[in-house]
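Could you use the hints to bring the two separately framed chains together as a complex?
Okay, here's what each chain looks like letter by letter:
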Amino acid sequence: MALLSFNNVFKVYREGDHPVYAVRGVNFTISSGEFVAVMGASGSGKSTILNILGLLDRPTTGTYKLEDIDVSSLDDDEMSEIRCRRIGIVFQSFNLFAQFSVVENVCTPMRYAHVPPAIMRARAEELLGKLGMSHRLSHRPTQLSGGERQRVAIARALSNDPPLILADEPTGNLDEKTGEEVIRILTTLVEGGRTVVMVTHNPAYEEIVDRVIRLHDGEIVEDRPGGRGGRRA
Amino acid sequence: MAEEVGVLNFLRMLQMTLMNLSCHAFRSLLAALGVVLGVGAVVAMMAISEGGRRESIARIRAMGIDNIVIRSVKPTQEGQSETSSSQGNVNIYGIKAKDTIHMLTTFENIGKIVPVRDMQQRLFANGRRTGIRMMATVPEFLSITFSQQADSRGRWLTDLDEVRCNPICVLGVDAARTIFGIRDPLGQTISVGGGSFKVVGLLRNQRGAKLAGQYDLNNLVYIPFATGNAVFGDLLPVEGSMRERVGVDYDFLYIKVDDVNYLPDTVKRLRNYLDTTRDTRDFEVQVPYELLLQEEATQRVFSIVMGSIAAISLLVGGIGIMNIMLANIFERTREIGTRRALGARKRDILFQFLLESTILTALGGGVGLTLGILIARLVEHFAHMNTAITMPSVVVSLAVSIFTGVIFGTYPAWKAANLDPIEALRHE
Chain L
117 MALLSFNNVF KVYREGDHPV YAVRGVNFTI SSGEFVAVMG ASGSGKSTIL
167 NILGLLDRPT TGTYKLEDID VSSLDDDEMS EIRCRRIGIV FQSFNLFAQF
217 SVVENVCTPM RYAHVPPAIM RARAEELLGK LGMSHRLSHR PTQLSGGERQ
267 RVAIARALSN DPPLILADEP TGNLDEKTGE EVIRILTTLV EGGRTVVMVT
317 HNPAYEEIVD RVIRLHDGEI VEDRPGGRGG RRA
Chain B
-4 MAEEVGVLNF LRMLQMTLMN LSCHAFRSLL AALGVVLGVG AVVAMMAISE
46 GGRRESIARI RAMGIDNIVI RSVKPTQEGQ SETSSSQGNV NIYGIKAKDT
96 IHMLTTFENI GKIVPVRDMQ QRLFANGRRT GIRMMATVPE FLSITFSQQA
146 DSRGRWLTDL DEVRCNPICV LGVDAARTIF GIRDPLGQTI SVGGGSFKVV
196 GLLRNQRGAK LAGQYDLNNL VYIPFATGNA VFGDLLPVEG SMRERVGVDY
246 DFLYIKVDDV NYLPDTVKRL RNYLDTTRDT RDFEVQVPYE LLLQEEATQR
296 VFSIVMGSIA AISLLVGGIG IMNIMLANIF ERTREIGTRR ALGARKRDIL
346 FQFLLESTIL TALGGGVGLT LGILIARLVE HFAHMNTAIT MPSVVVSLAV
396 SIFTGVIFGT YPAWKAANLD PIEALRHE
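Heads up: the sequence lines are chains L and B, in that order.
Numbers given in our numbering equal positions in the first sequence, counted from 1, plus 116.
Position 127 (the second sequence) corresponds to 122 in our numbering; numbering is contiguous.
One chain only, chain B, in its complex shape (with noise of 0.2 Å):
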């Protein structure tokens, strides 16, 4: 009974601060107005920043958390092996094919390698150029980067195609929608570099995924591996140039490791090894795991800094906030001594300010947060970022505007609560 008596005494008490508060409605927004801002620059900021690092995350975490890829790069000019013919410059560098065997019979952490290769092919979609490439890869890609297929009617890639060199091909889910609109792209034929391939699956995988952090993996179009050194051979022509031609035998190449705890000596045999087979530097080695490392690195930098504004938009809300009850409390000093002429308890007094000052930052903290998923949502539909609202960020920020009212307002609320009640109610 008596705790029902208090609830409900604090539910009338409260209904009595609201419209304290809405009396100087005006005053009581400009109060809050420092604490609006603050948390909606701090939930708008912490939203945008969560949407790039999940992304970034979901990036790395596409080339696999226990995985090693690596990249075959062209040589600087030096070293680079060239060769002349009457056919045109070749460049043949990169991972080799005997590499991966080394690979795979030496390195006993070495579970499986998938290797990619970039068929220099850009495809054409409504007679214009587009971004999108075409790789060749075996039928593990899409296990080994946490793809799915997108469409039932569909399949990937298999070790029959491999076996026969089918003219198949499964397109990104982005590269389907630009070559073929909302045309259904299943059993539609593609036709690159003289080759035509029919479309037998799409390809879907989280948004922002890279394939080896360089080509978003739902704008590209898979054919076999076989099929794509039987129908365009070991040397590809150089985009952009007429005589330059490459021979890489693996673009990139996946390689998964059996135990993620071995992960860093893997890494560095690996290197040691590739530094000592070759005399030109013309590989690339990334490590999932030590981007994600870095990428938390940043993130918690981030944090700090974001930690910091927050910390001092929310001082120069609180200030705000003092200051306002200050001005009130001078305002309505004879109504204090009033209140404890009625018998208020100084405690009483104490709490009917706090509970004031309490409920203005929370109340802008309130805004403060729909600002901020407001413009969160803008900046997503506006400049095409990922955005992420997160439960503690909304806790966190409503948690400190309800910890900023009670911090500044505590010292308002006891100089109205040790006033001198004679003195109170003679103030004009």
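Chain L extracted, bound-state conformation (with noise of 0.2 Å):
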């Protein structure tokens, strides 16, 4: 069952009098329990397809609908709400609060999503006890390892349990040990339903994926099976 889809998406900036193509027509389609790796060069559009994906962007021409909604043409309200639900995104630096604890900082897209305090403070505490982190729900991120901070985001990417998750080089700023123990993590999730979009340099990851889309100068060039697909299918 189709979760999303991209249909002839393209993102054009401007600089000065001359267009700037960051996307050319990309059409894809990705499936609920997909894990998609979307790989390529610095500059090839990734980023932007995954800003496009999180709703922090929108397309310049074209349609992304997400759950058969056509969220390319709503309001930046309509947006912030979809992105609060139904999206869930890990950054490669973390982007934690540093002056609030990691159940507060997990609570955080609860917040916005009104969510009675102590149903909110409950599930956090139960998201960080899953990924492992019950003993240090009272720290603050800067006294965590780089490995356990990854971790607290991802919770709080899934607080409001959302069916997609979109994460950003996630592994980018961890050494390999760790960052296996966050793809390890993100795999769980894809087994457990969810939709995980990754976007890595990593090639070793395009054997623990369900697909790969490899992008060059904003257009799609490759869009094949992944090993974690082919051991599925």
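For the record, the hints were derived by calculation from the structure and aren't laboratory data.
All of these numbers come straight from a predicted model, not from anything done at the bench.
A hint or two may mislead.
What the hints assert, rightly or not - Derived pair list, reagent style EDC-like, types lysine to aspartate or glutamate, alpha-carbon separation capped at 20 Å:
(1) LYS341(B) - ASP192(L)
(2) LYS410(B) - GLU307(L)
(3) LYS410(B) - ASP191(L)
(4) LYS341(B) - GLU307(L)
(5) LYS246(L) - ASP191(L)
Claimed, not checked - Taking beta-carbon pairs under 10 Å as the criterion, some of the chain L residues facing chain B (in silico):
(6) TYR137
(7) LEU172
(8) PRO225
All C-beta atoms, glycine included, are put in the ideal place defined by N, C-alpha and C.
Here is the structure:
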């Protein structure tokens, strides 16, 4: 079942009088429960696609449908609402709030979803427990290791139980072993029915995802099953 | 249920905001300092001015709003009626008994006249001359000046004292304290100018209330009018002069009008009568009602000046807040981007930063208010001035502080809310 689709999506910026094409006529459909790696060199359009997927940006032309809704034409509040409840984003540099505790960080998206405080706290603790962070609930992000911070960031992305997780180089700031641990968590999420779209430079991850979309100069040059896809098939 | 969740979420947000502010406690303190000092200065100045206003209004009210006070004034040298005798120079001037009879018979709006005569005597206490003066007056003086008896064991002057010329006196509470200290003054005798007077009562009036705006009512000694005339005679020695004496029937007249609506007309007629019946100007008419209007007009001017100072200081405070909030937003651009990515709407960001600036100024206002009250108390203690913190001044200063936070926090908050999330996330 298709979770989202890009139909002839273009993203054009203007530099003076010259149009700069960040994304050129991209088409793809991603199903529920798929683990997709978006790969490509710097400037190939990976981040732009991730921004559009995360409703942080809009296509210049073309349509982006998420759960059969054309989200490219929504207003800012509606996009924020979908971003809050249907999409979880994991950043390369974690982007945790240093002034708040681990639990408070995980609670933040739930606050924007108007979840009652008691439920919010219980859910945050449950998620952190599942990710092995129960012993760090009241710690500040600065007191955690890189791997622990990314686990908190994943817990935060999952807090409103979204079907789509977007991960922007989630292992980029981690050592190999910790990176593998994070990938393992993402794989578990996929196994639980969520869709994960991960931007990465690391070719090793081609083997553990269902599908690899490779971009070059704003166009898809390769869209093939990954190693996990092959194994699943 | 939804409302309850809203309230709980708001409280959590408040807590988060305080945590955000506490992360930069020193910077927050500096940001709020303008508001603290502005509100503190305004509250203190308002307290001092209100204290002064109340004191002057009490003083005016003690003279009676429906009263007219006429004071006998020694005329200037050229117009003065002066006779020389072997006993020295005698100055005869001021309001005469015939004037009061005329007033009572021809002025239909005059209901009562209460005379007061300054016996030109200063009292001694512990061998030292004090500022306490002796006044002779009639029983109605108590009610016309809104005075009260301070000791239930004592009494005030009576008609019988007048008839019998009783050698008794009533002391103002401050005079009693000066003369007798901690001893009980009732039943004691004081000797003044050859006469002895038994203390039969104590009088108390509001702090600052003065006889015809001149002498502190609490610092006088009162004797029956007839007793004064009998003991000291018609001519009284002038203080500091061996040869000079004065002959004044009434030093002060309290005139109570029946209908305050006709007060200005009565005053006009009285002035006209007094001007035409004498060659020299030996009187002064005080109208407490007019003084009250003047005081209120002065107060209005003062309020405008105070309001302008308050507005300028809060403007400066507000600009400080805006400056710090803009710096804050620049520093937290990435956080704003992250919040937007996590689902915050523009209005969530706007509200968050508006709440921060408002809490900052509200806290500044609270601290400023405390500072202002403290300054007012110190002024009261060390400068012996009356001060008064009024509820409106407290409410207005806090409301204006909050308003400053909203006004000067809106632009930074709007700027934060309208940041492009992608640009904000890229911000280093």
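These are the hints, each one checked on the structure:
no. : hint                  : in the structure
1   : LYS341(B) - ASP192(L) : holds, 8 Å
2   : LYS410(B) - GLU307(L) : violated, 42 Å
3   : LYS410(B) - ASP191(L) : holds, 19 Å
4   : LYS341(B) - GLU307(L) : violated, 35 Å
5   : LYS246(L) - ASP191(L) : violated, 35 Å
6   : TYR137                : violated, 17 Å
7   : LEU172                : holds, 5 Å
8   : PRO225                : holds, 4 Å
Figure legend: structure checked against the earlier numbered hints; hints not met, in rising order: 2, 4, 5, 6.
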